[in-house]
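Chemist: Listed below, chain by chain, are the residues.
2 protein chains.
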Amino acid sequence: MIALAADVGGGHISCAIVEERSIVASQSFPADKAAGLRPLLPTVSNVFHRIADESGIALSDCAGLALSFCGLVNPLTGRILSTNAKYDDGPSIDLPAWCRESLGLELRIENDARMALLGEWYAGAGRGFNDLVMITLGTGIGGAAMIEGRLLRGKHFQAGCLGGHLTASYLGRTCTCGAIGCVEAEASEWALREICAALPDIGRSSLAREPRITFEGLFRHAAAGDELALRIRERCLTVWAAGAVSLIHAYDPEMVLFGGGVMQSAEVILPFMQSYMDRHAWTPWGRVKARTAHLGNEAALLGAIPLLSQEGA
Amino acid sequence: MIALAADVGGGHISCAIVEERSIVASQSFPADKAAGLRPLLPTVSNVFHRIADESGIALSDCAGLALSFCGLVNPLTGRILSTNAKYDDGPSIDLPAWCRESLGLELRIENDARMALLGEWYAGAGRGFNDLVMITLGTGIGGAAMIEGRLLRGKHFQAGCLGGHLTASYLGRTCTCGAIGCVEAEASEWALREICAALPDIGRSSLAREPRITFEGLFRHAAAGDELALRIRERCLTVWAAGAVSLIHAYDPEMVLFGGGVMQSAEVILPFMQSYMDRHAWTPWGRVKARTAHLGNEAALLGAIPLLSQEGA
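Protein chains in written order, with my numbering: chain P, 753 to 1065; chain H, 753 to 1065.
In case anyone wonders, no lab produced these hints; they're calculated from the structure. In this text, all values refer to a predicted model and were calculated from it rather than measured experimentally. Don't take each hint at face value.
Identical chains share a label here; the pair holds if one copy fits it or two copies do between them.
As the list claims (entries may be wrong) - Think about it this way: if two alpha-carbon atoms lie no more than 25 angstroms apart in a straight line, the pair counts; the simulated DMTMM-like pairs of lysine to aspartate or glutamate are: (1) Lys1041 to Asp978; (2) Lys907 to Asp813; (3) Lys838 to Asp805; (4) Lys1041 to Glu900; (5) Lys907 to Glu806; (6) Lys1041 to Glu853; (7) Lys907 to Asp1030; (8) Lys1041 to Glu1019; (9) Lys838 to Glu979; (10) Lys907 to Glu962; (11) Lys838 to Glu772; (12) Lys838 to Glu962; (13) Lys1041 to Asp841; (14) Lys907 to Glu1063; (15) Lys1041 to Glu771; (16) Lys838 to Asp1030; (17) Lys838 to Asp953; (18) Lys1041 to Asp840.
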């Protein structure tokens, strides 16, 4: 099976032709989420026509276009539901009609965190397991859940993808989502910046020399022995692990997948997660595995085949 | 449709004949969870034979026995999986065989929190809604979730029923479940006793005159203006509400049902929950309703018909 896959992220759009578990051809281009999605659609269809031509693939041989979007979507209607300041014109666009007209293909759409989990299940770290939770650690904290081989969606298509917004500290910081002390508000990259800025002793840390505080910088300075970086890293790890236990208790998975750029420090993060989960998750049946997601930015694209064949989706 | 229903709780067993949304006849008797379930089974079958006789109902006209159990069960095999110090002989008993032999009926078994939700969905506060979360506030904190008209169970039959064990405070108290700072460890009745016992100023509160601290006592002393009781009540309400927001973010329901004896103070609890959920749950589609469960101890029994007809279950 061959299909088109598009991943519409906050800062870029990736277009790919996928065949089963491989990416045959792909091209990414920067995208201005503030300027909206509609002006970008001609570029998306041009890119697909070009990479198909170059690969000697007829679009009519593709099973459809699987579109991964960085917001809430309705997979039944193919419409974007809610955008949170990314491509705010999304809900007004009839994407299935655009896809039929410009590519001659059926469209299926899904939230990007769910697509990444679907890709990892089909072609990555989750292969062979049907009960999975994924946590993506980044600017925000994303999530998705699969139960008994089906993506969890829920009535309003929110279930699973708010895994970063479960409570970590009920007297904690206020999140952009409205919740108090959710995992994202306590230990995402955007929260990290605010937390560091508010620390009275930040000036004594080597972290203060960073032009912009990131997880990468935090883990680098912690590895170099900076005391404050070590303290904040421990705090982040503990919040993420407590979040993982909440997700285990909520969804009863066999495995928790951790994704995001910070997993370049998997040698620190994964043993912490596994040990915490072993000690604090209540799973009389056995032990939930902590694993690193494998596919990085390709995960959402590789969810295309199962999404279109409605396998697991 | 007529069926038998049994609710095996920590301190009693209730046996009932149910017809659709009504209890036709019922009898409860005290049960010693420490002495095991096997010695109680002859009493259970005797009670069913007797109340059927007295009601003029032939057991052979019943669709089966729906058994609600206070622990983890496997509804596919009809076996008890895990008991947490209640009827520890449970996993060794072939309950379907016992039911066929002593009552001539098929057995279906389910966790008691899921049965209570199923009852509320079928005959109580959840009627007309297919996406529900239930939180039962008591000695422990129970939970269950229904998504798109089906009880959520998960791979190891744990999903949904550990809703009381989602994190509320990642640096909080250790729970009997192993988690740190979960809702039950922070604001269940057993935790309340430990929290009060550790307070240095408990002696100045009228609460200290209670022989045993309960939610009922806490709400009574708070209503009478006791400052410490007011402070601890506020803390419990906030933890419960933060837990409700976690469950909303996890399961995407239309409604959260609150059950348990403490809901006799619904006039305090429900407005607090609704207001907190309105302010802190991220639900761009609309507003999740906070409601009191209606059916009390009858909820699990009234789940019998949908469980046996596999409607919603």
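Chemist: Within, between, both or neither: how does the pair Lys1041, Glu771 come out at a Cα-Cα threshold of 25 angstroms?
Modeler: neither (29 angstroms within a copy, 45 angstroms between copies)
Chemist: Is it within, between, both or neither when you check Lys838 against Asp1030 at 25 angstroms Cα-Cα?
Modeler: between (38 angstroms within a copy, 24 angstroms between copies)
Chemist: As a check of your reading, is Lys907 near Glu962 (CA-CA no more than 25 angstroms) within one copy, between copies, both or neither?
Modeler: The answer is neither: 44 angstroms in one copy and 45 angstroms across copies each exceed 25 angstroms.
Chemist: Evaluate Lys1041 and Asp978 at a C-alpha cut-off of 25 angstroms and name the case that applies: within, between, both or neither.
Modeler: Answer is neither; intra-copy 30 angstroms and inter-copy 48 angstroms both fail.
Chemist: When no copy is specified for Lys838 and Asp953, does a C-alpha distance of 25 angstroms or less occur within a copy, between copies, both, or neither?
Modeler: Neither way: Lys838 and Asp953 sit 35 angstroms apart in one copy and 51 angstroms across, limit 25 angstroms.
Chemist: Could you place Lys907 and Glu806 in one of the four classes (within, between, both, neither) given a Cα distance threshold of 25 angstroms?
Modeler: neither (42 angstroms within a copy, 44 angstroms between copies)
Chemist: When no copy is specified for Lys1041 and Asp841, does a C-alpha distance of 25 angstroms or less occur within a copy, between copies, both, or neither?
Modeler: neither (40 angstroms within a copy, 30 angstroms between copies)
Chemist: From the Cα coordinates, with 25 angstroms as the cut-off, is the pair Lys1041 and Glu853 best called within, between, both, or neither?
Modeler: neither (45 angstroms within a copy, 42 angstroms between copies)
Chemist: How would you label the pair Lys838, Glu979 (within, between, both, or neither) given a Cα cut-off of 25 angstroms?
Modeler: Neither: 37 angstroms inside a chain and 47 angstroms across chains, both beyond 25 angstroms.
Chemist: Give the relationship of Lys838 and Glu962 under a CA distance limit of 25 angstroms: within one copy only, between copies only, both, or neither.
Modeler: Close neither inside one copy (27 angstroms) nor across copies (56 angstroms); limit 25 angstroms.
Chemist: First find the shortest C-alpha distance between Lys907 and Asp1030 inside one copy, then the shortest across copies, and answer within, between, both or neither for a cut-off of 25 angstroms.
Modeler: Result: close only across copies, 18 angstroms inter versus 32 angstroms intra.
Chemist: Have a look at Lys838 and Glu772 and pick one of within, between, both or neither, based on CA distance no larger than 25 angstroms.
Modeler: neither (30 angstroms within a copy, 49 angstroms between copies)
Consistency note: the structure conflicts with the earlier hints numbered 1, 2, 3, 5, 6, 9, 10, 11, 12, 13, 15, 17 and 18.
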